[in-house]
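Listed below, chain by chain, are the residues.
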Amino acid sequence: MRQANTGTKLLLVTAMSSGLLLVGCGGDDGKDGADGKSADVTAQLAVTTSGFSIPEDAILVAPEATDGDDITEALSVALFDLPDDALVVLPKGRFVVTESIVVNSASGLTLTGYGINETALDFSASNGDDAFRFQGGNGISVRDFGVYEAPKNGIKATNVNGIHMTFTATVWEGDLEASNGAYGLYPLKSQNVLLENNYAFGSADAGIYVGQSENIVVRNNTAKQNVAGIEIENSTMADVYNNIAVGNSGGILVFDLPGLDKAYGGNVRVFNNQAYSNNAENVGAGVVGMVPPGTGALVLATSDVEIYNNRITDNATTAVAITSYLLVDDDLASYPANYGATMGNGWSPTLKNVYLHNNTIARNGANPQGALLQPVIDGYSSNLNSKGAPQTFPAFLYDGIGELLSNAGELAGFNALVGIDAQADGVNYDPYGVGDQVCANSNINGNPAPDYDAVNTGLVYPDDPTDVTLVDGAGNPLPHLLIDQMVNNTYLNCVQPRLAPAVVNFRNNIYGCSGDDLAEAACAL
Amino acid sequence: MKHDKKAIGVALVSSIFIAACGGGGGDSSGTDAAAPPSNVLNFGAGSPTGSEGSCSAVTDGVNWDALMTEVCPRLSDYNLFTNAGDPTAGPTRGGVPYDLSTSLFSDYTSKYRFVFVPEGAAVGYTPSEALDFPVGTVITKTFALPENTAMRDGAELVIETRLLIHRADGWIALPYYWSSESDATLAIAGKRLTGLTTVNNQGQTLSFDYSVPKAADCTSCHSIVPDLAGPDDQREQVFLPIGPKARYLNKDVTYPDGTVYNQLQYWAEGELLSGLPADFNQVEKAAVFNDETNISSISSSELNAKARAYLDINCAHCHRADLTLPPDYAGPAGSSGVQLEYNRNYDDSPGKFGVCKDPVAGGKEGYPYDVIPGNADESYLLFRTETTDSRHKMPELGRSTVHREGVELLRSWINQLPRASCSPDP
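Listed in order, the protein sequences are those of chains U and Z.
One point on numbering: in our numbering, the residue at position 134 of the first sequence is 134, and numbering is uninterrupted.
Every position in the second sequence, counted from 1, becomes a number in our numbering once 525 is added.
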């Protein structure tokens, strides 16, 4: 079943010499010890372009394959029934794969190519769905290759404790189209998730998506031209930093969606990222299809989120939108019927304790879009807002309706739905306390020219019931479309405690701001 | 190695030879008495010896030891069928055929199932989960595409035989592809067959590709996964059979000798099954649905029962969480918002069945919710059963063509569900 190493010397020697050259060039960035295997120069067969050393006893998949070969069978066989701590090496070049590659319960597996550009797997003719799916297992590292045109998800990992993806690419080439697969990198229901140095391009859903997982570090990735660049959904203890989100419909999303097994997330920190020019047309479907094009970052129904020290620029709708789920579904009367079970498990349409600070904001809001926001956009672009004159669309937009209804006691009836565990975790529909507030301060106007000077904070609804002046015939509050400058702001002017850093334990090494990045500048602020 | 006294001299000699080679043909200990016809179904079946097996062992009965330790290149190496070229009938001594009341759709194939339980062991009854098959159990399932689904007794193409083997360290699955008339070969990487055709019950000719799954694919459905409780939770997924649950076995079948018997009672009287409740009314019974079911002529409660059985056997091996599972385990799609198990109470949470639920990992324009009671045609769940686009299709594996009869069942079910907030105005 295993490919023998003999007979492959020529290729390996070639690869080794180029690998050594890379090491000589400083190809090892020094941050990348996540594999837990030290580089033993005497035993190595090759070095990937990222500086990862491939030892002599590695399992080689189709080592003699040449560009364009179909390596499906060799790959399937090599990854079936692996020994613990196996190191499986994909060949160098561009190859065809015609089925989903499924790996079960792998322990300590490293699956590597020769580099993010050196090993490319083309799934455009695949009869399967996901390109790679890792189900169960622990301590799995996936690195140094690209996955192209997956029919569904690129690299999925579900129910894994310890999943590391680095220097991978998940790519759908050409225009962003609705048929461009699903998620790129897709850890789901996993623990100890480390995604770094990856490139996600062209997904009709999220390029980099972490769902229903805990203890997560997402850093140094680039997500380009996806519907959602980076999305953290129903996940807890996540740090998203030093990433670039560019050219997506929405740059960085933090979502809690109803009805999932892990009902809600929280303690998500988004910091030191660049989210710019996320103005792609939204070709997505489902909830992500509702994300307004031109959104730098979006927090939807997730509590305990800190967004700081990011550079969020050139997004045509807004830099950061913070919204309850009521924007997606305002039929409150049907919530018990449609969401009763998940609300019992702690999902809430409201969000609390979202804190934006020290972000640099520039050139957003030039052309606000999105069906979901259309009434809000219409209000701010006309006289129908609190200033009575057209306004530059707010760089920070907060819907405020969940808070308003909570403060008015209108949601108190939902408290009866909340289960004991969720209650103990602080889930309730009481009026917001100080610690529940959405706050924004110390953000920086990065506009270079006077015509961009207006950087605003907008509230669709006031959070204080006594400020409600506009109601419909039934006494329900109407949008007020309050607006305020971002610097020296009145609205949202408060401070929240800092959130704890995420800790990823991968193969008994600690990653993140309290681990290998202890000295990283992004972690200092 | 001992053999029962039925064994003729030649077999005895060859089995001694095998023992010397470290092979094992079986241990029929405790049945030395001159074999009177026994009502024990696996009487004389033999059992694993615990020694390392050999694929080349020549055994009188099932090659138990090879099953327990070896991944053999040919199906015939395990000696599970008296005619090695026919996995649809004639199991080796101890093999018992079984059938399910409603079964997973697999591209209109007919399925031939046998269970082999080692002599001296029995299956434990469980009310809702897969029966408790002892270590040593082997389940074979052969897939054959009939020329005409209305005449399943007629000509057919035998495509593949899948084995589920319960070894001491858990179940494993092995797919064998019938590469020739005489034998099936191991297909770890699966096999794709193009341009198969059949004629369905409506007389329509269907043409499609067929995928024999890869060995690794089996776990995608045949497992329950731990709901990892924290950073130190190292539990692993557990491999399990899906179909042989009491509720699907609880039906009458005609056995090769012509007798008609409830399968569970047949197993219990044959000492193959222990713990069957004395009060048979306690035993769950899934409704029968097959391509002969006339949906237009059944009551709404029958429709609901059949749809729930269909959703359970086709979807709920993945789309399941809690209920009768071990604590903190779920199906592989247990993290999805949609859970479709037989035992889930619809009225408690229609949202778990996708009612008025936004698609999360997926979605398609024109299908705003997974299930819209009264509007099946815009329900994403139904679309996913109607499409063969691998971006959207459900189930993800093992279906290359649309199960038109199943889709019609689900369409009728969705359209008769109690109206919900996302339903069209009456």
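It should be emphasised that the hints constitute simulated quantities derived from the structure, not laboratory data.
Treat each hint with caution, since some may be false.
Here's a subset of chain Z near chain U, in silico, CB distances under 7 Å, partners left out [to be verified]: (1) T710; (2) I713; (3) A714; (4) P738; (5) D742; (6) S860; (7) G862; (8) S874; (9) K882; (10) P884; (11) G888; (12) K889; (13) E890.
Computed from a predicted model, the values in this text were never measured in an experiment.
The beta-carbon is built from N, C-alpha and C at its ideal position, and this holds for glycine as well.
Results of checking the hints against the structure:
Checking T710/Z against chain U: minimum C-beta separation of about 13 Å lies over 7 Å; hint violated. Interface restraint check: I713/Z against chain U, minimum CB-CB distance 5 Å, threshold 7 Å, status holds. Because the smallest distance between the Cβ of A714/Z and any Cβ of chain U comes to about 4 Å, under 7 Å, the interface hint for this residue holds. For the restraint placing P738/Z at the interface with chain U, the shortest Cβ-Cβ distance is roughly 9 Å, beyond the 7 Å limit, so the hint is violated.
Checking D742/Z against chain U by beta carbon gives a least distance of about 6 Å; that is within 7 Å, so the hint holds. With a least beta-carbon distance of about 4 Å to chain U, the hint placing S860/Z at the interface is held under the 7 Å criterion. For G862/Z, the suggested interface contact is upheld, since its CB lies about 3 Å from the closest CB of chain U, less than 7 Å. At its closest, the beta carbon of S874/Z sits 4 Å from a beta carbon of chain U; the interface hint therefore holds under the 7 Å criterion.
Checking K882/Z against chain U: minimum C-beta separation of about 5 Å stays under 7 Å; hint holds. Residue-level restraint check for P884/Z holds (minimum Cβ-Cβ distance to chain U is 4 Å; threshold 7 Å). For G888/Z, the interface hint holds, the least distance from its beta-carbon to any beta-carbon of chain U being 3 Å, beneath 7 Å. Interface restraint check: K889/Z against chain U, minimum CB-CB distance 5 Å, threshold 7 Å, status holds.
Residue-level restraint check for E890/Z holds (minimum Cβ-Cβ distance to chain U is 6 Å; threshold 7 Å).
Hints 1 and 4, counting from the list given before, are not met by this structure.
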